[in-house]
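2 protein chains.
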Amino acid sequence: LVLIDRLQAQISAKKSPILVGLDPLFDRLPPALKPEKPSREAAALALYRFNEALLEAIADLVPAVKLQMACYELYGPAGLEAFERSVVKAKALGLFVIDDSKRGDIGSTAALYAAGHLGAAPLGRLSGPLAAQDFVTINPYLGSDGLDPFYKEALAQDKGVYVLVRTSNPSARQYQEAQIEGRALFEQIALDLQAQAQAHQGSCGYAPFGAVVGATWPAEAAKLRAMMPNVPFLVPGYGAQGGAGIDVMPCFDGAGQGALINSSRGIIFAFETEKTHDFAGAARRATLAMRQDLIDAFKQTGKLPVGWD
Amino acid sequence: LVLIDRLQAQISAKKSPILVGLDPLFDRLPPALKPEKPSREAAALALYRFNEALLEAIADLVPAVKLQMACYELYGPAGLEAFERSVVKAKALGLFVIDDSKRGDIGSTAALYAAGHLGAAPLGRLSGPLAAQDFVTINPYLGSDGLDPFYKEALAQDKGVYVLVRTSNPSARQYQEAQIEGRALFEQIALDLQAQAQAHQGSCGYAPFGAVVGATWPAEAAKLRAMMPNVPFLVPGYGAQGGAGIDVMPCFDGAGQGALINSSRGIIFAFETEKTHDFAGAARRATLAMRQDLIDAFKQTGKLPVGWD
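So the sequence lines, in the order shown, correspond to chains R and Y. According to this note's numbering, the first sequence is numbered sequentially starting from 1. According to this note's numbering, the second sequence is numbered sequentially starting from 1.
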């Protein structure tokens, strides 16, 4: 089975299209994890310990996790090490890993990023793959010769990408709604992505070329779902960014497939609202609540996947 | 003096608007630098040694260097360490450093990237700034709330940014020429950037908010220069990407100010075309030749800065 089919199988097996965002913030770590003497190394290690406990608490409930690179890069080389260790831990627990780096550059530089983030670095054959993440998020502003090297590497390594199509932030429309032949820019990017995806579908009908589609615009999400029948969605905006289960339903196809719904702070910092020290337990409870919310919304919209009841 | 004025003073003192790109590739390192037993750590160290020798050879000839993050990230934590060591070495030689990372994300995540790349990381007060780079390149696709956190951090730390406005790759026009009210998207981004720059000029008339403007479209460069009178340009595309001194002249204002011209592989790999082992000497000679080419072009177009003859 290729990557996207294996991911699809895990979503079905766990009855959970949830993508937990491991976006740890040092200032918000549980007090017990905070080092006495803060340094980059100590902070990065604390981030890893936080992730490790979270991963163990939620691994049976979700198919995949997403690591926001900005949270790790902030701590320099030690942060990147915490990132890599978290990826290794997640993979050991059978989870799929999305590297949320939003990289983008031209031609040969894009190829370097693709090699680094999708695991076929030049020394890979000697020192092992740089990291074992399965997908990387990428930025389309530079056009096809910024995207093609990632598609190529993904296919060669049985990995995948998610292209930023439509983001969930307030100013998303500022540039993403520029017009190309009567279409919004993000719609043109969607069509170009679908053309790539159509040629590379797995047996589940989806390709390893996905789209980031913000959940803050449900009507648009429905239109984008129709425009990209072979493109799996990564949907940020659930929970902390304001969306609920019912709002993200347009991101799924008629069979309740084709999307991963991301929640980051709503899960990993659930202990703050619960006012407990048991951050891992709180994350587990928040994940279960989110799963129930999504299943209720599936039922409400007649999209409950076969075998999930 | 604020950052942009200090940079301007260095350009004038060295009579050189050259930005050398430290974009090392392991496979193309001089044989003497290649480790016997390749590993990520050994490769990253070799990249640093290459940079170190290059920096010492060119430091008196140029005001600034640009480090392409993709070349370092490829080697994981060790690569990031080589990046940081190269920045420290460049700063010790009095050079300005542009961190070419092309980062971009929404709101709070953009703020994390800004903190990490522009030196005000949360633990900065304890462990020293994460790195001492002066500028970071950023991607505008997410709109103002992806850009504002970088502007804010830059002003707070006396650092700067270069926004990707118009890239030099063949597919640049694919999305960058989408239309907004009769303008190309990249022109709208230029106008929005100018509005920010106008409010934050140094005494040289430029702001620490710059634009990446590819040199492959000279007519457009002239138009963009007129649209952004307070925005310094970072101009890739000289040398390896096909441009010559005369082609980049439209990026300068009438007084020969307001642009840094980047050459990467044409300088750092000059030893290959020279067929010499003296890579540092070859880089120095290539830099001198580029400086002469730019001065000739300044003279030809009547833009030679005052005091440079």
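Hints listed in this document are in silico derivations from the structure and should not be mistaken for laboratory results. Incorrect hints may appear among the rest.
All copies of an identical chain are treated as equivalent in the list; a pair is satisfied when it fits inside any one copy or across any two copies.
Calculated cross-link-like contacts (lysine to aspartate or glutamate; reagent style DMTMM-like; alpha-carbon spacing at most 25 Å) [claimed, not checked]:
| # | residue 1 | residue 2 |
| --- | --- | --- |
| 1 | Lys275 | Glu181 |
| 2 | Lys152 | Asp27 |
| 3 | Lys152 | Glu220 |
| 4 | Lys37 | Glu84 |
| 5 | Lys14 | Asp296 |
| 6 | Lys91 | Glu41 |
| 7 | Lys223 | Glu181 |
| 8 | Lys275 | Glu220 |
| 9 | Lys299 | Asp253 |
The structure displayed is predicted, hence computed values, not measured ones.
Earlier hints that do not hold, by number:
1, 3, 8
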